[in-house]
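Trainee: As a plain string of letters, each chain reads:
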Amino acid sequence: MKFVDEFRDHALAKTLAAKIRAEVRPETRYHVMEFCGGHTHAIFRYGIQDLLPANVRLIHGPGCPVCVLPVGRIDDAVALARDHGVILCTYGDMLRVPGSKRVSLLKAKAEGADVRMVYSSLDALKIARDNPDRQVVFFAIGFETTTPPTAVALQQARAADLKNFTVFCNHVLTPSAIANILESPEVRRLGTLPLDGFVGPAHVSAVIGSRPYEFFAEEYERPVVIAGFEPLDVMQAVLMLVRQLNEGRAEVENEYSRVVTREGNIKAQALVAEVFELRRTFEWRGLGLVPYSALAIKEAFAAWDAERRFAVPARSVPDNKACECGAILRGLKTPRDCKVFGTACTPENPLGSCMVSSEGACAAYYTYGRFRDAG
Amino acid sequence: MCLAIPAQIVALLPDAMATVDLGGVRKDISVVLVDGLAVGDYVILHTGFALSRLDPEEALRTLELFAEMGTLAEAQRELAGP
Ligand code: SF4
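First to last, the protein sequences are chains A and B.
Quick note, the numbering used here runs 594 ahead of the 1-based positions in the first sequence.
Quick note, the numbering used here runs 4 ahead of the 1-based positions in the second sequence.
Source of the hints: derived by calculation from the structure; they are not laboratory data.
There's no promise every hint is true.
What the hints assert, rightly or not - Distance condition first, Cα-Cα at most 27 Å in a straight line; then the derived DSSO-like pairs of lysine-lysine: (1) A:K757 to A:K596; (2) A:K915 to A:K933; (3) A:K720 to B:K31; (4) A:K720 to A:K703; (5) B:K31 to A:K596; (6) A:K701 to A:K933; (7) A:K915 to A:K701; (8) A:K861 to A:K720; (9) A:K861 to B:K31.
If we strip away everything but chain B, and leave its shape as in the complex, we get (with noise of 0.2 Å):
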């Protein structure tokens, strides 16, 4: 019920609609809560609207968090030997 998954704009359509891709399957949302959108913006979409936007920039800062604690932990476990 609450789920909603990323969705990538392909087309701007009248009405404040727009064509979604989701991973390969295109889909007609309403993107009437979210302005300014432009095509390639990506969007969180749930129950046929897109509820928000997505920063990429910010989801690869989180997995830059994530992929620098397995180097972190790599080091430490190599400082302590075999």
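Just chain A, with the same shape it has in the complex (with noise of 0.2 Å):
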């Protein structure tokens, strides 16, 4: 496919490899945390990893939405399809999460709820159309990617005065996040997190543009790439943050500028802020409470948001004991640090949120068998 095949050409990825090596300093540590789900995919499915030098290590952040829902609001869906009798409709991913007593929506469907997979907020929407006598929930998930698109479905459903369509907003953001670890005390206790310099997320940088991360540059004194989600993308966003770090510089650079612009889609970035505001706090699976760290559906679209139609209570409900999702999100441990790795938690039957998602540090262990780490 035409600006896909040309970034997997594996002859520039060796090139890449060796400039790489060619430039490291053997003294310095290069350990660097891609934020991105998509990115973390893209370094197991082509064995990045392998192809640096050991001093260069990547360390896989809590960029996929799924793997840092927490459990309680897993549990809400599960109670609003069970207990509400709503045709709950949602994105592929999030149907084997496991909430309490491991009790995912595709269980709660096998059960008879009515769980129904999306692939766009659009769908949603057309299932509510076409149910009229139903109450259609949308399940809504996902950075600052698959917001726009909860917008314009709500937008459209005030428009056309639906009465029996409402949206579960669970939309967070990532500048809050990465704020959120380098802040985190857990961190600056321990002292271990050797966080170097950030990849910086591709397809959210689109709509929120490159600026938002330039205060961690200036603030934290981080250097951060922006990077697209091919091999040779994160090869080069290596190679950039190597050079600055080698450099002494902390700056935002944009790899991906084929996409990613300063300002980002001014146009979504206006709709979003027609439709949501910023809740006061969040509770991300890992994280704990986090401030401004998602958003809430405003006031002007009350009767489309479900957490005030149907009375949804905020719970919070602690992770399995088991479960280090907390750790890794954190860049604090690894997968293989966990005792029910591969045993009592696998894809199949997962029990942290990790093991769900092809995006998940400990899904992407198992699958492409990375049971060794260059710790």
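Dock chain one against chain two, each of which comes alone in its own frame, and use the hints as you go.
Mentor: Structure, rendered in structure tokens:
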């Protein structure tokens, strides 16, 4: 496919690897966190870590929306489908995430709840139009990439005065999560979090632009290179980070200039601002309560807010004790540190959320056989 | 979940929709988030929406950068001798 295959060229990957090897200084540590699940996926799928010198280490951050949704919100969604008799629509990855007592939406569906997988927010809207006598809830999750589509669905629902469509909003914000990791007391206390730079998100940045990362570069003195999701993009970003670290720079650079601009998609940003407002605080799986890190539906759209219509309780349910997702999302541990990795917890029967989506660190480790890791 | 792919617009449809080509597969998507698209343009497609434009010239420039590095590496190898 055009603009995909060219960025997977094997020979060029080798060249980039050689270039990185030539430029790293053996005594320097280059520990970079890729924030986005799309990068985690590419890194494992193409074995990128294996192409890098030992002192260049990739740490897999919390950039998978499925992995960071807390148990309580999944329980809420299950309750909506089970107890309120709604048609609950959501993206495919969400279906298998275990809530309390390992009950996922898929399990609720098997037990008779009307849970449907949709590809797009507009599909959920269509289901509402086709089922005027049923309540349809779109269980909306994701970072800045899926938020504008949800905003469009809400606007269309309001324009058509659809009475049987609501959104259960769980949209979260990338910059707050990065800040949370850098400021986490756990991370500070342990002092072991080896974060020297960031590979910035690809498509999140297509929407919000590269500007929001300038704050990190300045405030925390960490370089950020925004990169596309293909293997050559990731390799090039690593090279650019190595250069910045060698030169003692901490700037925002954009490897993914074919898609990302400094301003981002202004139309999408305006739409999101019209429909959503900041939540004062929101729980993230593994990170706990993070201030101003998520969006809620504005008053003007209250009639289409599932939380208001169904009085969704804000429950907080602790993660399974054995699960190390929290420390993994912060870059403090790797999946092999988890006692139940690959035994009680597998992609077929996940215990924690990092094992569910192919963008989660545990599932990526498992699927691509990376049982060892250059620690 | 975050994965999004490049797609080429082959027809513009009413109501801010468009038909795209995905390596031979056709699909109707919403282009409400990106203004001023024309047939032949490339967009990044995510959950049924065009999220942004893909700039072919910038793509080419990035690829040239990789290629340059390739020739550079070759030149260095040659200079270093057998
Ligand atoms: S292997 Fe499973 S239980 Fe362990 S940290 Fe990963 S997701 Fe959690």
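Trainee: It remains to establish, for every hint, whether it holds in the given structure.
Mentor: Hint-by-hint comparison with the structure:
1. A:K757 to A:K596: Violated: K757 (chain A) and K596 (chain A) sit about 42 Å apart, past 27 Å.
2. A:K915 to A:K933: Holds, at roughly 11 Å.
3. A:K720 to B:K31: Since the Cα atoms of K720 (chain A) and K31 (chain B) sit roughly 17 Å apart, the hinted pair holds (cutoff 27 Å).
4. A:K720 to A:K703: 20 Å, holds
5. B:K31 to A:K596: 16 Å, holds
6. A:K701 to A:K933: 25 Å, holds
7. A:K915 to A:K701: 22 Å, holds
8. A:K861 to A:K720: It holds: about 24 Å lies between the C-alpha atoms, which stays within 27 Å.
9. A:K861 to B:K31: Measuring from Cα to Cα gives roughly 23 Å; hence the hint holds.
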